[in-house]
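So you can see what is in the structure, the chains are spelled out below.
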Amino acid sequence: MRMEKKRILKEDGRALYYYHFAETATTEETAVFEAIVPQEAEPHTDESEENSHV
Amino acid sequence: MSEMRWNPTLEEWVVTATHRQDRTFFPPPDYDPLAPTKPGGFPTEIPAPAYEIVVFENKFPSFRPVPPEPSLSGTELYPVRPAQGVCEVVCYTPQQDAELYSLPIEKMNALVQVWADRYADLSARPYVDYVYIFENRGREIGVTLPHPHGQIYAYPFVPPIPQRELQAARNYLERTGKNLYQEIVDAELQDGRRIVCQNSHFVAIVPFYARYPYEVHIIALGSCTAITDMGAEELEALAAIMHRVGQKYNNLWQRSLPYIMLMHQRACSGEEAPGYRFHVEYYPPYRTPDKLKYLAGSEAGAGLFINDTHAEDTARILRETEPAE
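Chains as they are written, first to last, in my numbering: chain F, 212 to 265; chain U, 39 to 363.
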């Protein structure tokens, strides 16, 4: 199945990923997914994470 | 507050996560933190009013991408490190009371694709050495949120059990020149007594060395050592056999069967995993409809499991159990 993903950051900075499958989604699920504004920055490219590597 | 403390007597890490003492514990049904946030309702972990599958970083994680400093300084005897990694929650469905194996197979297909995507994302992070996909199911296992979900831990080291498996596979290859898991698959397909079900890409068995009476392992027939090695057909076959095993479990005693489900894969170091094979393991704690198998003295203190059953008998029971729809 074709899969789409959108990443957002929650208010406390935690990453959250919405996964969407157009072939099986309801009309509501599709509309909700399409309305999500993604935040594309990946946490593992963040400098603070690199510096934290043990 | 979480940190890694070294146990020199077993040469392994222990993670302390004191903030987890206060994590959500069986909230009332109308306060399900894994449900979508409905207009006018209380805010859950998922801001959207609907979702299909969602994954988010755990609010009470044992590992964080940017971990806090440890609560104390380590010593040469007792090293301490920040617990850097990732802990994710995978919400299978927005329905709090859904039974995964009663949902259409397309849900399982979707879930397998999500797992593969998370494995690819997490295994690429420089501070991650092992990605562990698992599910705790049922109050008997210690689940504190009944909403259908699993978890993913991205560890900064290879944890003990996968480490032993990977080493055992290397040792077997060095000693015999053969792939240990291929040998197991060949032996089980020839014997037949411990097979639960199979399809074109996977076989589900109660292993010869099962620790739990109804333990099941799903082993890849192909040479994949991680879920990201699989093509579309293999992923669908994995979804199908996991769905079938889950349905058999649910029909065994006509109720949703508690279990731990986990995936064992290669480490993320980029090194080959010689002689290894991707597989899924299930540990249901019940040995009869109303008796639990407890991890007591021999298991917990000596690491030696005592199984009250023979794999051949429980495999036959599961094989003959029709999948519950």
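Bear in mind the hints are in silico, worked out from the structure with no lab data behind them.
Yeah, the Cβ is synthetic: ideal placement off N, Cα and C, and Gly gets one too.
One or more of the hints may lead you astray.
Quick partial rundown of chain F residues pointing at chain U, CB under 8 Å, derived from the structure [claimed, not checked]:
{"hint": "1", "residue": "Met-212"}
{"hint": "2", "residue": "Lys-216"}
{"hint": "3", "residue": "Lys-221"}
{"hint": "4", "residue": "Ala-226"}
{"hint": "5", "residue": "Leu-227"}
{"hint": "6", "residue": "Tyr-229"}
{"hint": "7", "residue": "Tyr-230"}
{"hint": "8", "residue": "Phe-232"}
{"hint": "9", "residue": "Thr-235"}
{"hint": "10", "residue": "Thr-238"}
{"hint": "11", "residue": "Glu-240"}
{"hint": "12", "residue": "Val-243"}
{"hint": "13", "residue": "Val-248"}
{"hint": "14", "residue": "Pro-249"}
{"hint": "15", "residue": "Glu-251"}
These stretches of chain U come out as covered by chain F in the derived footprint (C-beta under 8 Å, 3 or more residues) [as the list claims (entries may be wrong)]:
{"hint": "16", "stretch": "83-95"}
{"hint": "17", "stretch": "228-236"}
Think about it this way: if two alpha-carbon atoms lie no more than 30 Å apart in a straight line, the pair counts; the simulated DSBU-like pairs of lysine-lysine are [as the list claims (entries may be wrong)]:
{"hint": "18", "chain 1": "U", "residue 1": "Lys-97", "chain 2": "U", "residue 2": "Lys-76"}
{"hint": "19", "chain 1": "F", "residue 1": "Lys-217", "chain 2": "U", "residue 2": "Lys-329"}
{"hint": "20", "chain 1": "U", "residue 1": "Lys-329", "chain 2": "F", "residue 2": "Lys-221"}
{"hint": "21", "chain 1": "F", "residue 1": "Lys-216", "chain 2": "U", "residue 2": "Lys-76"}
{"hint": "22", "chain 1": "F", "residue 1": "Lys-216", "chain 2": "U", "residue 2": "Lys-97"}
{"hint": "23", "chain 1": "U", "residue 1": "Lys-216", "chain 2": "F", "residue 2": "Lys-221"}
{"hint": "24", "chain 1": "U", "residue 1": "Lys-76", "chain 2": "F", "residue 2": "Lys-217"}
Now for the hints, and whether the structure bears them out:
1. The interface hint given for Met-212 of chain F is met, as the beta carbon of that residue sits about 6 Å from the closest beta carbon of chain U, less than 8 Å.
2. Interface restraint check for Lys-216 of chain F: the shortest CB-CB distance to chain U comes to about 7 Å, inside 8 Å, so the restraint holds.
3. With a cut of 8 Å, the hint placing Lys-221 of chain F at the interface with chain U holds, because the nearest CB-to-CB distance is about 7 Å.
4. For Ala-226 of chain F, the interface hint holds, since its Cβ comes within 8 Å of a Cβ in chain U; the closest pair sits about 5 Å apart.
5. For Leu-227 of chain F, the interface hint holds, since its Cβ comes within 8 Å of a Cβ in chain U; the closest pair sits about 4 Å apart.
6. The criterion of a C-beta within 8 Å of any C-beta in chain U is met by Tyr-229 of chain F, whose closest approach is roughly 6 Å, and the hint holds.
7. Interface restraint check: Tyr-230 of chain F against chain U, minimum CB-CB distance 4 Å, threshold 8 Å, status holds.
8. Interface restraint check: Phe-232 of chain F against chain U, minimum CB-CB distance 5 Å, threshold 8 Å, status holds.
9. At its closest, the beta carbon of Thr-235 of chain F sits 5 Å from a beta carbon of chain U; the interface hint therefore holds under the 8 Å criterion.
10. With its C-beta approaching chain U no nearer than about 10 Å, Thr-238 of chain F sits outside the 8 Å limit, and its interface hint is violated.
11. Evaluation of the Glu-240 of chain F hint against chain U yields a held restraint, the C-beta minimum of about 5 Å falling below 8 Å.
12. The interface hint given for Val-243 of chain F is met, as the beta carbon of that residue sits about 4 Å from the closest beta carbon of chain U, less than 8 Å.
13. The beta carbon of Val-248 of chain F is not positioned within 8 Å of any beta carbon in chain U (closest approach about 11 Å), and the interface hint is therefore violated.
14. At its closest, the beta carbon of Pro-249 of chain F sits 12 Å from a beta carbon of chain U; the interface hint therefore is violated under the 8 Å criterion.
15. The closest approach between the C-beta of Glu-251 of chain F and any C-beta of chain U is roughly 13 Å, which is over the 8 Å cut-off, so the hint fails.
16. Given a C-beta distance limit of less than 8 Å, the hint that chain F covers the stretch 83-95 of chain U holds, as 13 residues qualify and 3 suffice.
17. With a threshold of 8 Å between beta carbons, the proposed coverage of the stretch 228-236 of chain U by chain F is violated, since 0 of its residues qualify and at least three are required.
18. With a C-alpha separation of about 20 Å, the suggested pairing of Lys-97 of chain U with Lys-76 of chain U holds against the 30 Å cut-off.
19. Distance check on the hinted pair: Lys-217 of chain F and Lys-329 of chain U sit about 44 Å apart at the alpha-carbon level, beyond 30 Å; violated.
20. About 42 Å separates the Cα atoms of Lys-329 of chain U and Lys-221 of chain F, which puts this hinted pair outside 30 Å; it is violated.
21. As the CA atoms of Lys-216 of chain F and Lys-76 of chain U are separated by approximately 21 Å, the hinted pair is consistent with the 30 Å bound.
22. In summary, the hint linking Lys-216 of chain F to Lys-97 of chain U is supported, as the alpha carbons are separated by about 21 Å, within the 30 Å threshold.
23. Straight-line distance between C-alpha atoms of Lys-216 of chain U and Lys-221 of chain F comes to about 48 Å, which puts the hinted pair past the 30 Å bound.
24. Between Lys-76 of chain U and Lys-217 of chain F the CA atoms are separated by roughly 20 Å; this keeps the pair inside 30 Å, and the hint holds.
In this structure, the earlier hints numbered 10, 13, 14, 15, 17, 19, 20 and 23 are contradicted, and the remaining ones agree with it.
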